Amino acid sequence: MTKKQKKVLIRIIVAFVLLIVLAFLPIEGWLSFVLYMIPYFIIGYDILRKAVLGIVHGEVFDENFLMAVATVGAICLGDYSEGVAVMLFYQIGELFQSYAVGKSRKNISALMDIRPDYANIEVDGKLEQVDPDEVEVGSIIIVQPGEKVPIDGKVIEGNSTLNTSALTGESVPRDVGVGDEIISGCVNMSGLLKIQTSKAFGESTVSKILDLVENSSMKKSRSENFISKFAKIYTPAVCYGAVALAVLPPLVRMLFLNMEPAWSDWVFRALTFLVISCPCALVISIPMSFFGGIGGASKCGILVKGSNYLEALSETSYVVFDKTGTLTEGVFKVNKVFPETEKIAVWKKQEETAEEYLLTMAALAESYSSHPISKSLKEACQKELDTTLVSDIEEIAGHGVTAKIDGREVAVGNAKLMQKLRIPFVECKEPGTIVYAALENEFIGSILIADVTKKNAKNAIASLKQNGVKKTIMLTGDNKNVAEAVGKELGLDEIHSELLPADKVSLVEKFLEEKDAKSKLAFVGDGINDAPVLTRADIGIAMGAMGSDAAIEAADVVLMDDDPAKLALAIRISRKCLRIVYQNIVFALVVKGLCLVLGALGIANMWAAIFADVGVMVIAVLNAMRALNTKKLV
Amino acid sequence: MNKTYKIEVDCANCAAKMEEAAKNTEGVANATVSFMTQKMKVEFAEGADEKAVMKSVLKACKKVEPDCEIEF
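Note that the protein sequences, when read in sequence, are chains A and B.
Here the first sequence is numbered in the working numbering, starting from 1 and rising by one per residue.
Here the second sequence is numbered in the working numbering, starting from 635 and rising by one per residue.
You may find that some hints are simply not true.
Derived pair list, reagent style DSS-like, types lysine-lysine, alpha-carbon separation capped at 25 angstroms [said to hold, decoys possible]:
| hint | chain 1 | residue 1 | chain 2 | residue 2 |
| --- | --- | --- | --- | --- |
| 1 | A | Lys219 | A | Lys232 |
| 2 | B | Lys675 | A | Lys103 |
| 3 | A | Lys106 | A | Lys3 |
| 4 | A | Lys4 | A | Lys154 |
| 5 | B | Lys673 | A | Lys299 |
| 6 | A | Lys199 | B | Lys637 |
| 7 | A | Lys4 | B | Lys657 |
| 8 | A | Lys343 | A | Lys404 |
| 9 | A | Lys103 | B | Lys640 |
| 10 | A | Lys416 | A | Lys404 |
| 11 | A | Lys229 | B | Lys685 |
| 12 | B | Lys673 | A | Lys4 |
Taking CB as the label site, the calculated pair distances span [said to hold, decoys possible]:
| hint | chain 1 | residue 1 | chain 2 | residue 2 | range |
| --- | --- | --- | --- | --- | --- |
| 13 | A | Lys103 | B | Glu705 | 16 to 26 angstroms |
| 14 | A | Leu35 | B | Lys685 | 42 to 52 angstroms |
| 15 | B | Lys689 | A | Glu128 | 37 to 47 angstroms |
Keep in mind that the hints were calculated from the coordinates and are not lab data.
Keep in mind it's a predicted model, so treat the numbers as computed, not measured.
Every residue gets a Cβ at the ideal spot worked out from N, C-alpha and C, and that includes glycine.
Construct the complete structure from the given sequences, taking the supplied hints into account.
What follows is the structure in structure tokens.
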């Protein structure tokens, strides 16, 4: 509890005790009035002060005014204890609400608390903690096990494992050693690291992310704007309604029905009406739900730049993907090996498989080349290559290489190389780059090198469909063959290939025109040269953006790691959040509406009125907190 | 010019009122208040004096919500 809240608590207790004591004292008339005024002012002086200030400043219709009018009204009608009790009860409600709100706010903020408090620098052989803001670019900082990396930089000494879960939501540890670039916000888990900083603290990843998340609540959603507009009309309307309720029925009774006007009864009903009407439950619980949703998402490594984007995300029914780097790894790998088993059997060693032999031969022949293909071949071999076996290497530009391995002639290259050397070969029709290999002028097999699809890509597309996405579309600059194969494998609805970056923009614009206004189109890219499309789509989603400034700038939603399955998760989180928002809107409006009617009819008394005000708000706030919990959605 | 200030405000409705008041202050091009982070982001009009504008923003906010605070 804050100091302010404690003070209110003490006032509540004192006023409560006094009220009970007064209830048992046999007092009447003026004495009773004066004595009841003591607890009334103890509990309500700030409300009365604010109400007066409000009137002075021309801000008439606020809660303080409503409470002041309601309680002063009750006192004027001679209901001293009711007047004090209502004020007391109101303060209890306010206290509870401010406590609940404060607590929720802290819970959400704690989730996003990845801000490092200090950086260690070495001064005369001793470690000193300094404010990360004061560390200059290029300084050496030391990160001990268990500490957060405060600033982006490069490891110059030490080995360790980093936990990136605060940034990505994934708890797969990352190994780092000398020369590796590391980003701030990770937690050092094992060894001591010396890091040369490459950015100032304010420019570091962790600061950028915090900035983004904290400012996200500044971008308001449609529902939030609706509520602020609603409150502006609603509050005066209710006040005039209350005045009408106090004046019209008694007049009607008096003039037309020939009955007692019953002024006090109707004024009291009008006051009850006023207390019920406070729009706070709506005004607070909606931003809070969005804030919780954004907080929960960032815990999963999904950064949403504003409530409006979270709202749009929940309405996504078209998802357009970029291929390379988004659905595929973006690196070329040996995908399949097709050895001519019978021919290889003559040459290979007993313990080797035909695949291994073919790969080794190809990798050895290409071992002196710096071409990306030779890199992927070497990687696929998974063992040290004995390059001393290789001699007489000859590169034939645009074709491949020929070399002698262990004295035997080997040719590795594309189909043209085989044709050139007049070696009969079996053509491989798989999409991707094919490497053919020949040994002593005899074809021994082919190797398919292609960009592989991401492990989770297929599931990601399927789960998008399950979550109500109508159409998944892939755009790529790659050739048709490869695009069709990837699209088919992953189960995408539409594939557009051989596109230039400008074509992607115009295609997305075409989709935007064709879709109906209510459904939203999301574009998912890796943030590299698709910034124009990211900004053009309803929601631009950048993937695998850890540390990429351009993507964080251009996109509306940033997936910190490059797992496409996070996309469906983001949609689920947004849907849950919006569901809570609508629940709160409907719940608050229905309960308030009901209480207003009951109050006008004289059925609901002041106690019910305070429940309708404070109780509804607390329930709505507690409901809003559910948006934070994303565990079940993963 | 954009600047973010720390604020203190107790209720969401009051925060909304402060936002409205800040927006209508002379020298302010736009303003947003986030109750959740207790922050006010002010976009100043061209050539406005930050300190002077913030003084009148605080005054305007005090008018609608006597209990609020803005750190600047």
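Taking the hints in turn, this is what the structure says about them:
For the hint linking Lys219/A to Lys232/A, the alpha-carbon distance of about 20 angstroms falls within 25 angstroms, and the restraint holds. Between Lys675/B and Lys103/A the alpha-carbon distance is near 23 angstroms, which keeps this suggested pair within the 25 angstroms criterion. About 16 angstroms separates the Cα atoms of Lys106/A and Lys3/A, which keeps this hinted pair within 25 angstroms; it holds. Between Lys4/A and Lys154/A the CA atoms are separated by roughly 46 angstroms; this puts the pair beyond 25 angstroms, and the hint is violated.
For a cut-off of 25 angstroms, the pair hint linking Lys673/B to Lys299/A stands: about 22 angstroms separates their Cα positions. Between Lys199/A and Lys637/B the alpha-carbon distance is near 22 angstroms, which keeps this suggested pair within the 25 angstroms criterion. For the proposed pair Lys4/A and Lys657/B, the alpha carbon gap of about 28 angstroms is over 25 angstroms, so the pair is violated. Under the criterion of a C-alpha separation no larger than 25 angstroms, the hint pairing Lys343/A with Lys404/A is consistent with the structure, at around 18 angstroms.
For the hint linking Lys103/A to Lys640/B, the alpha-carbon distance of about 18 angstroms falls within 25 angstroms, and the restraint holds. A distance of roughly 20 angstroms separates the Cα atoms of Lys416/A and Lys404/A; the hinted pair therefore holds under the 25 angstroms criterion. Pair hint Lys229/A plus Lys685/B does not hold up; C-alpha atoms about 30 angstroms apart against a cutoff of 25 angstroms. Taken as a hint, the Lys673/B and Lys4/A pair is honoured in the structure, with Cα atoms around 19 angstroms apart against an allowance of 25 angstroms.
The beta-carbon spacing between Lys103/A and Glu705/B, approximately 23 angstroms, falls within the hinted interval of 16 to 26 angstroms. Take Leu35/A and Lys685/B: their Cβ atoms lie about 50 angstroms apart, and the range 42 to 52 angstroms holds. A hinted range of 37 to 47 angstroms for the beta carbons of Lys689/B and Glu128/A is consistent with their spacing of about 39 angstroms.
Checked against the numbered hints given earlier, this structure breaks hints 4, 7 and 11; the rest are met.
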